[in-house]
Amino acid sequence: MAAIETFIGHYNYVITIVLMVAGLYIVVARSNMVKKLIGLSIFQTSVYLLYLTPAKILGGTAPIVDPKFTLYSNPLPHVLILTAIVVGVGTLALGLALVVRINEAFGTIDDDEIPLRGADE
Amino acid sequence: MMSVSSHLPVLQVVIPLLGGVLAALLRRGSLAFALTLAVSWIMPVISGLMLYQVIEGGPISYALGSWPPPWGIEYRVDLLNGFVLMLVSTIGAVTVPFAARSVALEIDARQQAWFYCMYLMCLTGLLGVTITGDAFNAFVFLEISSLSTYVLIALGRNRRALVAAFRYLIMGTIGATFYVIGVGFLYLLTGSLNMVDIAARLAVAPPEQARAMVAGLAFLTVGISLKLALFPLHSWLPGAYAYAPSWATVFLSATATKVAIYLLIRFLFSVFGVALDFRDLPIPEIFLVLSIAAMFIASIIAIYQSDLKRMLAYSSLAQIGYIMLGIGIANHAALTGSLVHLVNHAAMKAALFLAVGAIFYRVGSVRLDDLAGIGRKMPWTTSAALIAGLGLIGTPGTAGFISKWYLAVGALERGWWPLVFLLVASSLVSVVYVGRVIEVACFRPTADRLAEAKDPPLSMLLPLLVLAAATVYFGIDTRWSVGIAADAAAYLLGGLR
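Which chain is which? The protein sequence lines are A and B, in order. For the first sequence, position 69 matches number 69 in the numbering used here, and the numbering has no gaps at all. For the second sequence, position 440 matches number 561 in the numbering used here, and the numbering has no gaps at all.
Calculated directly from the structure, the hints in this document are not laboratory data.
Heads up, incomplete: computed chain A residues facing chain B, CB under 7 Å, no partners named:
| hint | residue |
| --- | --- |
| 1 | Lys36 |
| 2 | Tyr51 |
| 3 | Leu94 |
Just so you know, these numbers come straight off a predicted model, no measurement behind them. C-beta: ideal position from N, C-alpha, C; glycine also.
Work the whole structure out from these sequences, hints included.
In structure tokens form, the structure reads like this:
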């Protein structure tokens, strides 16, 4: 019983772990470059959840200063995650641009089909 | 009148940032190069002034936007910081003249201004990671430098540069995200993102928080190790260095991994230092095993490379192994050796990649088989490369010897004789690949395609000669390199034991 209560009480963290591992698995196991980027995005999303979950203080109200309230939720992790989301979007955009160019240059977006060694030029 | 000197920390980052934006607006490559030259030459002035201030008066603390730490972001320059800042800005300034002709040759005319923009962004990111005292701010700058690095690499001539950049993007982003997870754990434990504040709070953390602290440390270490290409997280590096444009490789090989090593040292010794008893966790042992593996395996693989840039990339992996060895031994002499090897390896590796870039400029190939007898045609280039190669081996009289000396002294102080033997043995392995290059370059009859080769123009030759001279200078007069490194190491270890 206590185990189930802990599980439900930490539901967000369980989802975080599932997303984290799923994202990493996709990056490792899939050779299609677009799928790798999707896995990377899922992995980064799990980190956002990791930051945001503890930001909600139990019994805290929205973080707008008001003389009636003394306990507020923490807005700082939300600000940090906004930054991280922007970084993630930039990375995804750059990755997709590279995939477009790779497709033009090699005719494929399958990572396994492109050896990085061997005959050059 | 507002004094500029009080705002040096933020200027160190803002000037290249604005320079990068301006370079993107300039359409002509030559104008963008002039801007890059100006910005790159201002950087060491700022770093030097700050380092002088730190040596005379202690660490500088700069509150961004006048919001006081720990709530505001703090830029904090102490001996370790100032040392690495000086390294990054000096390497940038010394090697930038080389870029004029090298970039004009290798990068398409419409993309040259963008290339310089990306270089300045990379410089911003690297300087920002080094100077910031805020853990999350370090992530932002780390990603600024990484994203611009991916673009720099992707602009290489060979189409495989795109794939190398993509693979580096995947691995680098995983590393950065692991870093963010680690910082997240630290934030949840302490409620602060300021490195000094986190260190103070971790030192008094109750024992039930030990597991979270170790988890945060683990994520941080793995994430940063991906960025510094510690074996076995190194697979992005050979492709990235081999296919990037020549000057991009020069700059990246000398600075990108060094800044990641700085970040790891900062977290291990300054942030976690007092709180973590290294005797309980196998951190030194892990670093020792991995660095010895890197030293040997990378050197052996380097012997079998036919492409000069790939050979030097594997050599870089081995040298990173030396630096991590010093961190694994973790006493004053070994840490001094690691810190001084940051500077020494940067000078030597930049000199070697400059030589390779100059050879490519004249000959059009960097395959060892095509370069038979090049020593007779390009004597200055080959001599400078030879001096840097001797430095890699660790010949007495060159900078490489100084670093390895301190590493060996550190190992002996612990009583670990086998480590000294391994250090010498891996240096002997590097004799093989450096010797292979010398044999092809100097002792074979000159190949036909080298008939018109001669030494590169002065703008490319001068940085190379300066760095080769630095390799010898830092092997003989070590007041600046070892002097500052030893003080920084003492300062770092002061919080640990």
